[in-house]
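> Just need the whole structure built from these sequences, with the hints factored in.
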Amino acid sequence: MSSDRVRWVSAAVMLVNGVWSTWCAHAAVRGLRRLADQRESVRSEPGRVAAGSDIVVVVPMLHEADRAAECVDHWCKLLADHPELRLCVLTTDRERHERPEGPHSWDAVTAAASFRRATVAGRAELLHYPRVNRTYGEQLGWALDLLTTRPAPPDHLYVANIDSRLSPHGCAEIVELAATVAVAQQSSVFFGNLDDLGPVATAEAFYQSRWSFEHEIFRYLAGAGHLHCLPGWLRSIWYQHTVGHGLLIATATYRRLGGLPSPRHGLEDAALGVAIREAGLHIHPFSTLECGDAPSSVRELQRQRSTWIRGPLCSSEYPRTRRGHLIAAQGTYGGVKWALAVPAQVITLIVASPRQRVMAILGWLLALYGPLIAMLLGLRRLDFPKRLPAPAQAHHPGDPLLPSRCGELLGRWTARSSAARPRRRSRPRTDPASDPGDRMTNRVDAPVQCVLPIFGTFVFFDWYNTLSTAQFWDSILGNQRHPLAGPLNAALEDLFRGRKEFVGSWMRGQVTDEQVIDTLNLTLPRGYSNDYLLRELLRDCRNAKINPDMADIVRALRDRAFLAVASDNMECFVHAAPRVLTGELRIDELIVSSSVGSLKKESPDRFFGPTLDRYGLTPADAVLIDDCADTCQIFREWGGSAYHFTEPGQLRADIAHLLPELAGV
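With our numbering as the guide, the letters of the sequence shown map in order to residues 350 to 1014.
Calculated from the structure, these hints are not laboratory results. There could be a bad hint or two in this list.
Said to hold, decoys possible - Computed cross-link-like contacts, BS3-like style, restricted to lysine-lysine with a CA-CA straight-line distance of at most 27 Å:
#1 894 x 849
#2 849 x 686
#3 894 x 950
If you want it as structure tokens, here you go:
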């Protein structure tokens, strides 16, 4: 074959690859929408299809002391709505070996009040791998073997990671799929931390998300028989791989496969995927997607990319049968293609003639942007409502339900700001939504669900001027060189001093953050995006600092009472709750007036009552610490104890004098 013909073939291969990649992503989006539509057609209550089954959620941890409590709090609140689920946190002695002085993940887990309550109720446990594991698979495989060989093993296992923040809707699908399939896999898009990424890392996040649709989800749909355009014999041997998080597997299936494989060079999860297909089983896709974090540094990206390539490249050591070799060969091909695609394309573009180069560039652009556009067009049809929806309006039938942050961030990138609001859960729920800021919020009209009352006191802290003096847009107002510092300060002065009724509506959730920003009538400097002020508002809320002396008091009370932040505040405080509350302080509840629809002093029973009811406590068991004397007096008239906060030293003295059981803070 002449060199010119080879160049034409190479250019044509690039064009065909672009068409194929675009079609795969399009088929994946349509397939997920079809699965979600089928799920909507089920008449039974969501998440109750497998009622009576026992599903253990396994969360492996390694050096996660700073995030362990937040993760445990999230899952423990989801357990309330799903009696089929139990939580198993898995730590490893590798932490002690690498960091003898700590802090250690198991200490953070056992210190969390939510985990202690769930443990006493038999809904959670901590397993500790007693050796120094070399790989993630050693630690996970040990725990799965232990759980499945107990006298009364669970029916299913679900593996999550420390970053998993399933919405109630996604959590319900775990229970539903457990009744119908042996193995299921939840895929991820990587939009969870776009606010913190630079341009290159952000582009990589979209590239990885596109890859999930083009390859991963397409494989699950094809291998599970959902793409009827492919012949049956081809679907039966289509390559599928599992991932070490988002995996749902029946205990009987796990035993049949002989446990988690231990390949010498490859990856355990990739080997498990081949073993599942080799046994004649398939991996069913979730219709809901998880919103994960993308790598934020070149080092993280390099480590992740090398791992992703190594898994399929080593597929030749996974199979044990002829059928397995046919499946594994596809994985090897995918790994080689992924590793060598860029150099091969560059060489083709260099050596091609002008006409050949046009065809090759067309194929390259189509392969790069075709799947991305197909993904974005599919996601843009999803519903990301601004207000709390009714349960039946939580999402459009047939739409794969994505986590909340995905809606906001995709909206920014696709210039659909009106649809780019974080999804919040419907009012009848008390469990956490996928949005970090919403996971603790108590909906006042939620059905009562009791929590084991291991403490006899509930302490409610006010936020502004009590725990913190952080203000909206501090990052702008505190920077005198910022072009918006002066205009924004004047606009806020007019807002909070001259339009108090409007601010009150904002605090009661009757006015959205965007509507308030529109009334500021600020002209953004050239080059600033239209949603700049909203993004800075949410960023400053998440990064709000707490008075160090008050933080010491909160930490001292954490082992003596249930703790909540009860704030007359805006919806931004719900969408982007301060990280310090769930990270360092690990409070039990966040109650915000914009979610309740009422201020604290307007109706203490409406504001505080549902939380106390769920914890089996009464107003007489409640303590309010607030800088507003009127609110304290109304709280006392309701039947609780209240302390008018002026400064931390006086608060310590008041607590020691009037509440001896909480003395010593």
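> State for each hint whether it applies.
Hint-by-hint comparison with the structure:
no.: 1; hint: 894 x 849; in the structure: holds (26 Å)
no.: 2; hint: 849 x 686; in the structure: violated (62 Å)
no.: 3; hint: 894 x 950; in the structure: holds (25 Å)
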